[in-house]
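If you're matching them up, the sequences are chains A and B in order. Just so you know, the first sequence maps onto residues 1 to 226 in my numbering. Just so you know, the second sequence maps onto residues 1 to 104 in my numbering.
For the record, the hints were derived by calculation from the structure and aren't laboratory data. Cβ atoms here follow ideal geometry from the backbone N, Cα and C, with glycine treated the same way. Heads up, a few of these hints could be off.
[Said to hold, decoys possible] Listed next, with one range per pair, are the computed distances between beta-carbon atoms: (1) B/Tyr95 to A/Leu112: 14 to 22 Å; (2) A/Asn92 to B/Ser42: 52 to 60 Å; (3) A/Leu112 to B/Asp83: 49 to 57 Å; (4) B/Ser42 to A/Leu223: 47 to 55 Å; (5) A/Glu131 to B/Thr13: 23 to 31 Å; (6) B/Asp59 to A/Gln157: 26 to 34 Å.
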Amino acid sequence: TEDEIILFEREMKEFWTKLKNIYGTEQINQTLALRDSCKESINALSEKWSKKLKEGDLMIDKIQEYSNEILQQSQRIPENQKHLTEIKSNLNQEEDQKKDLTDSIQELKEELMKKKEIISSKNKATKERVERLCKSKVLFEERLGLEIRRIHNEQLQFIFRHIDHKDPDKPYVFTLSINEQGDYEVTSCTPPLDCIAEFQLKVRETNNFSAFVANIRKAFTALSYK
Amino acid sequence: CPAHPVVSLHCSTALRRELEELREESRRLEEDTEQEEDAVPSAAYVTQLYYKISRIDWDYEAEPAQIKGIHYGPDIAQPIDMDGSRHSRCFVSDYLWSLVPTAW
Chain A
1 TEDEIILFER EMKEFWTKLK NIYGTEQINQ TLALRDSCKE SINALSEKWS KKLKEGDLMI
61 DKIQEYSNEI LQQSQRIPEN QKHLTEIKSN LNQEEDQKKD LTDSIQELKE ELMKKKEIIS
121 SKNKATKERV ERLCKSKVLF EERLGLEIRR IHNEQLQFIF RHIDHKDPDK PYVFTLSINE
181 QGDYEVTSCT PPLDCIAEFQ LKVRETNNFS AFVANIRKAF TALSYK
Chain B
1 CPAHPVVSLH CSTALRRELE ELREESRRLE EDTEQEEDAV PSAAYVTQLY YKISRIDWDY
61 EAEPAQIKGI HYGPDIAQPI DMDGSRHSRC FVSDYLWSLV PTAW
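Construct all of the structure, not just a fragment, from the sequences and the given hints.
Here's what the structure looks like:
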């Protein structure tokens with residue numbers, strides 16, 4: 001039976017070796033196949049996740065960028081608000097100024113209109129006055145037959161007409177001025193009168209200018225009779 | 001950064017200019033009136049002189065040919081009323097001058 005045992009042991013060993021070979025190989029193959037498929041999966045997943053990681057990084061960068069920008073913009077906000085307040089204040093100022101100016105202009109326009117009205121009526125009154133004065137002058141000249149003229153050196157010329165009844169337009173003239181002493185002075189007389197010096201004296205004495213002129217006319221008239 | 005509203009600025013400038021122009025016009029008006037008032041005294045002077053000499057005041061409402069007025073003598077005022085068309089110029093002048101006293 002030792003031989004049987006040895007044979008049995010040999011058969012057992014053979015069987016075990018055969019078993020090992022068969023199963024072992026299958027196991028190995030299976031394991032190998034599993035290993036390979038795992039490797040593949042892992043590779044695929046690796047790639048996928050690698051991509052995702054990259055995308056994630058990009059997003060983080062973008063988020064950082066945006067955050068920075070937001071920060072910058074936020075910093076500008078108080079500046080801009082300050083600016084806006086300034087502008088609003090300026091606008092208000094300008095509105096006020098504009099109103100003041102417009103009011104001033106309106107006032108001035110009204111003032112001007114009033115002034116123009118006053119001036120217009122003043123002018124009218126002045127014009128009427130000058131017309132009346134001219135008319136007055138003409139009447140005196142015609143009716144009294146006396147023309148009074150201002151001439152050079154601040155002298156007054158008195159021209160009588162209607163003296164000579166035969167020649168009413170014939171002029172009888174004397175010229176009067178105020179001398180340095182402030183006295184009346186007859187500077188010329190045409191036709192000459194003898195009594196003119198006397199009259200000059202009398203008028204300086206009495207200051208009766210009316211009589212002075214009347215007497216000169218009387219003297220001229222007397223002359224015209226000769 | 002010039003962010004001022006430009007329209008408002010221009011308005012203000014235009015208004016100021018208008019205001020200044022109005023003030024200038026006002027000044028000019030005043031000057032002009034001062035000048036124009038000088039014309040009257042000269043004409044008035046001669047008329048006053050005639051009155052001083054003759055003491056006659058004419059009635060300006062009367063007909064032109066009617067020599068009508070008042071002579072203010074030293075004592076009394078004497079009315080004048082002549083039909084100028086009925087007398088010679090010399091007669092009229094002589095008469096009027098006869099009213100003026102020659103006594104010193």
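The hints, checked one at a time:
1. B/Tyr95 to A/Leu112: 14 to 22 Å: violated (54 Å)
2. A/Asn92 to B/Ser42: 52 to 60 Å: holds (58 Å)
3. A/Leu112 to B/Asp83: 49 to 57 Å: holds (52 Å)
4. B/Ser42 to A/Leu223: 47 to 55 Å: Given range 47 to 55 Å: violated, Cβ gap about 32 Å.
5. A/Glu131 to B/Thr13: 23 to 31 Å: violated (47 Å)
6. B/Asp59 to A/Gln157: 26 to 34 Å: Since the Cβ atoms of B/Asp59 and A/Gln157 sit about 28 Å apart, the hinted range of 26 to 34 Å holds.
Checked against the numbered hints given earlier, the structure breaks hints 1, 4, 5 and satisfies all the rest.
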